[in-house]
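A.B. asks: First to last, the sequence lines map onto chains A and B.
Using the working numbering, you'd call the opening residue of the first sequence number 1 and step up by one each time.
Using the working numbering, you'd call the opening residue of the second sequence number 1 and step up by one each time.
Please note that a few of the clues may not be correct.
[As the list claims (entries may be wrong)] Some chain B residues flagged as far from chain A (calculated, every beta-carbon gap over 12 Å): (1) Gly28; (2) His107; (3) Asn175; (4) Gln192; (5) Gly235; (6) Asp252; (7) Ser339; (8) Gln350; (9) Ile351; (10) Lys415; (11) Gln468; (12) Pro472; (13) Pro507.
[Said to hold, decoys possible] Computed cross-link-like contacts, DSS-like style, restricted to lysine-lysine with a CA-CA straight-line distance of at most 25 Å: (14) A:Lys182 to A:Lys99; (15) A:Lys13 to A:Lys99; (16) A:Lys84 to B:Lys134; (17) A:Lys13 to B:Lys291; (18) B:Lys291 to A:Lys84.
Honestly, the hints are just simulated from the structure, not real lab data.
All of these numbers come straight from a predicted model, not from anything done at the bench.
We treat Cβ as the ideally placed atom computed from N, Cα and C, and that holds for glycine.
Chain by chain, the residues run as shown.
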Amino acid sequence: MANSKSAYSIAGKKQKNDTHIIVVWVDNEAGVLARVVGLFSGRGYNIESLAVAEVDQKENISRITIVTTGTPQVVDQIKLQLKKLVPVHKVADFKREDKNVIFKEMALFKFVANSEKLIKAFKACKNFNPVVLDETKKSKVIQITALRREIDKMSKNLTKFGLVSVSRTGAVAMTRGSDVFK
Amino acid sequence: MPKLYSGAEIVFKCLEDQGVSHIFGYPGGAVLPIYDELKNFNSIKHILVRHEQGAGHAAEGYARSTGKPGVLLVTSGPGATNAVTALTDAYMDSVPLVCITGQVPTHLIGTDAFQECDTTGITRPCTKHNWLVKDINDLAEIMHKAFEVATTGRPGPVLVDIPKDIQFQKTKYRNYKKVKKLNGKSHDNFSQKNIDDLIGLISKAKKPIFYTGGGVVNSGPKASELLRELVYATGFPITSTLQGLGCFPADDNQFLGMLGMHGTYEANNAMYSCDLMINIGARFDDRITGKIDEFSPKSKKVHIDIDPSSINKNVKVDLAIVGDIKSVLTSTLKTLKKSKKNFSKSNKHQISNWWEKIQKWRSKRSLDYIGSEETIKPQYAIERLYELTKDRDAYITTEVGQHQMWAAQHYKFNKPNRWMTSGGLGTMGYGLPAAVGVQIAHPKKLVVDIAGEASVLMTMQEMSTAVQYNLPIKIFILNNEYMGMVRQWQELLHDKNYSESYTAALPDFVKMAEAYGCVGIRAKSPEELDDKIIEMLNTDRPVIFDCLVDKQENCFPMIPSGKPHNQMLLGPKDQKDKKITGKGRTLV
Chain A
1 MANSKSAYSI
11 AGKKQKNDTH
21 IIVVWVDNEA
31 GVLARVVGLF
41 SGRGYNIESL
51 AVAEVDQKEN
61 ISRITIVTTG
71 TPQVVDQIKL
81 QLKKLVPVHK
91 VADFKREDKN
101 VIFKEMALFK
111 FVANSEKLIK
121 AFKACKNFNP
131 VVLDETKKSK
141 VIQITALRRE
151 IDKMSKNLTK
161 FGLVSVSRTG
171 AVAMTRGSDV
181 FK
Chain B
1 MPKLYSGAEI
11 VFKCLEDQGV
21 SHIFGYPGGA
31 VLPIYDELKN
41 FNSIKHILVR
51 HEQGAGHAAE
61 GYARSTGKPG
71 VLLVTSGPGA
81 TNAVTALTDA
91 YMDSVPLVCI
101 TGQVPTHLIG
111 TDAFQECDTT
121 GITRPCTKHN
131 WLVKDINDLA
141 EIMHKAFEVA
151 TTGRPGPVLV
161 DIPKDIQFQK
171 TKYRNYKKVK
181 KLNGKSHDNF
191 SQKNIDDLIG
201 LISKAKKPIF
211 YTGGGVVNSG
221 PKASELLREL
231 VYATGFPITS
241 TLQGLGCFPA
251 DDNQFLGMLG
261 MHGTYEANNA
271 MYSCDLMINI
281 GARFDDRITG
291 KIDEFSPKSK
301 KVHIDIDPSS
311 INKNVKVDLA
321 IVGDIKSVLT
331 STLKTLKKSK
341 KNFSKSNKHQ
351 ISNWWEKIQK
361 WRSKRSLDYI
371 GSEETIKPQY
381 AIERLYELTK
391 DRDAYITTEV
401 GQHQMWAAQH
411 YKFNKPNRWM
421 TSGGLGTMGY
431 GLPAAVGVQI
441 AHPKKLVVDI
451 AGEASVLMTM
461 QEMSTAVQYN
471 LPIKIFILNN
481 EYMGMVRQWQ
491 ELLHDKNYSE
501 SYTAALPDFV
511 KMAEAYGCVG
521 IRAKSPEELD
531 DKIIEMLNTD
541 RPVIFDCLVD
551 KQENCFPMIP
561 SGKPHNQMLL
571 GPKDQKDKKI
581 TGKGRTLV
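Pulled out of the complex, with its shape left as it was, chain A reads as follows (with noise of 0.2 Å):
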């Protein structure tokens, strides 16, 4: 009995973690930010990713994107918790492989290398949308827009030609077709 000393009990089976994306509305207020992330900390949620920003002017809500996993029980409790902060309009989760619903994720690279270097650079991107934003004899600032794992595949492997520094976004999502999370 390892812990047979303990006041509490012991911890149960574990379930699977499936990533989910919970999108939340909110308030646009002091410290709104502090409070969806204090309860993912508060109870030991993780947070893999974020990004969040006003999308509403005149009404004052901003939107949050935040990745996590959990089992789907966590997950659950994930909402639930959202759903009850006050300044909170409405919640919508998404799992990743949900076909219905487009995740991308914002990346910068920069490169410095010799020219050569960087002309591959730009072409190994081909794939995901680049945009240079910035270019000198010896750099490149190159802007691209994919999944997760697919930047974190190009930033592994750009490191031959020349990459230096990465930025990146979390993800935000957005349902496919006419239909509108209510």
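Fit chain B to the supplied structure of chain A, relying on the hints for placement.
C.D. replies: Same frame as chain A, but now just chain B:
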């Protein structure tokens, strides 16, 4: 030109409009403008505590015993941080509190000013919501919203942080009309189908049990009445959590006593073996469930709760009914009466085997203890206290530890709102200030804090408050010189290594009572106990009662950590008859 009011005046205007009659507080630099206005608002009485934690617990006691929100007013910095324990306590036990804190002037926020702290940051995880008022024009709206959030849905604490300059600024105030809004963010969104499903389960069950909690208290006295009606209409057994005690009369035959870690043998075994569990306003807390994987393995579980996030949090349930207990029970009773007349009679046969089984468990008499003629057994002290006070509609508060469990086991509650205890957070030092709050709300009633000598020392300074306001609270200390529950765990789990659980220097509580200007009584032996208790009850002043009890007594029955309900440790009487097997011994 309409009249302009200062922020401080608006605070009181709002409190007046919310029907607040008492606030508990402690002045300080950042709330002085509010304190300055106090004299102009006669309908609001301020109770000066001795420590802000005491203000919080007093407000909790006030709220729990009345059903109205408790209000506390404290200063910035240390005033706010001292209130954090009480706010967390209220958050865990769903007690509606409105905490008003002063803050340094807006231009000094963020400069590490004198007595500045990030109050809203610190209290964010222990309140339902909090506000920092940055604009005088928002103040009234925020104040009213604060009351709404605290009292609707699952109740809880809120905090309004008001910088000092805002308290001086002036603006208009529009009188507030209270709109009856019951549920705030959570809604009564159960359907008739839910109720029909519940009735279906009820009529099929052969081994049913009601498992009720603090939600019934929070739903108001009417909910307790409806609960009784439902329990009688079904003939089912009922058990209650610590917080739910009093919703159903403890001396009724259908009541199995409290369940959980120190619950009765019959309640826990019934929970383990039942085929239908109807949870009404409880939250499957880990002190209740024991080992989750083996929690009531064969039952269908119904969960009635106002808070959707309570459902499936710890235990997966088969039928969830989200709503206010009162309205759910009303619909259930209506449907039951319509579809199954005389259900308890027709159903009697179906559950008769179940009741026989329960009677067998009951015959174990798991709350029994070995009496003594030399020393006062703590259980005996509570039993006597109960017998001598049961006709007086007493209000009982407790601290946290063995005495708390003994009180829950041996004091029989028959009405809701009579039992104030810190369950979720387990805050030692809760009971004395809570008793102050209860006595403020019910000046003519008997209020007893069943205490331990270690707990009560944590907030002892509030005796001074009790004396100041002539509050005849009775502090009934079961004094065993140990932090009893700690000692018990050390005895059972840590090879009797009583590390730091003995208090080698305790004050003389009788002299201390006298020093505070109240009355001290000491009972040393069982034969004088009754007389001393009667002396206490006949004293119309605050009393500290130092009851010297058996120092070695443990609180049984007990479910050891990580064990399911059917593996209970019973008291010494049973252990003598039936030794714990070798395996059982290693398990604890």
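A.B. asks: Each hint should be assessed against the structure and marked as holding or not.
C.D. replies: Structure-based check of each hint:
Look at Gly28 (chain B): its CB is around 24 Å from the nearest CB on chain A, clear of 12 Å, so calling it non-interface holds up. Against chain A, the non-interface label of His107 (chain B) holds: every CB pair exceeds 12 Å, the least being about 16 Å. The claim that Asn175 (chain B) lies off the interface holds: its Cβ sits roughly 24 Å from the closest Cβ of chain A, which is beyond the 12 Å cut-off. Distance check on Gln192 (chain B): its Cβ is at least 23 Å (rounded) from any Cβ of chain A, clearing the 12 Å threshold; non-interface status holds.
Taking the minimum C-beta to C-beta distance to chain A, about 33 Å, the non-interface status of Gly235 (chain B) holds against the 12 Å cut. No Cβ of chain A comes within 12 Å of the Cβ of Asp252 (chain B); the nearest lies about 31 Å off, and the non-interface call holds. Its beta-carbon lying about 32 Å from the closest one in chain A, Ser339 (chain B) satisfies the requirement of being farther than 12 Å from that chain. A cut-off of 12 Å between C-beta atoms confirms that Gln350 (chain B) is not in contact with chain A; the least separation is 33 Å.
Chain A leaves Ile351 (chain B) outside its interface by the beta-carbon criterion, the shortest separation being 30 Å against a cut-off of 12 Å. Listed as a non-interface residue, Lys415 (chain B) keeps its Cβ farther than 12 Å from every Cβ of chain A; the least gap is roughly 30 Å. Every C-beta of chain A lies more than 12 Å from that of Gln468 (chain B), the closest at about 37 Å, which supports listing it as non-interface. Pro472 (chain B), annotated as away from the interface, keeps every beta carbon of chain A farther than 12 Å; the closest lies near 37 Å.
Distance check for Pro507 (chain B) against chain A: the nearest CB is about 29 Å away, which clears 12 Å, and the non-interface claim stands. The straight-line distance between the Cα atoms of Lys182 (chain A) and Lys99 (chain A) is roughly 19 Å, inside the 25 Å bound, and the hint therefore holds. As the CA atoms of Lys13 (chain A) and Lys99 (chain A) are separated by approximately 30 Å, the hinted pair breaks the 25 Å bound. Proposed proximity of Lys84 (chain A) and Lys134 (chain B) is supported: the alpha carbons are some 24 Å apart, at most 25 Å.
Restraint check: the Cα-Cα separation between Lys13 (chain A) and Lys291 (chain B) comes to about 11 Å, which is no more than 25 Å; the hinted pair holds. For the suggested pair Lys291 (chain B) and Lys84 (chain A), the alpha carbons sit about 28 Å apart, so the restraint of at most 25 Å is broken.
This entry does not satisfy hints 15, 18, going by the numbered hints stated previously.
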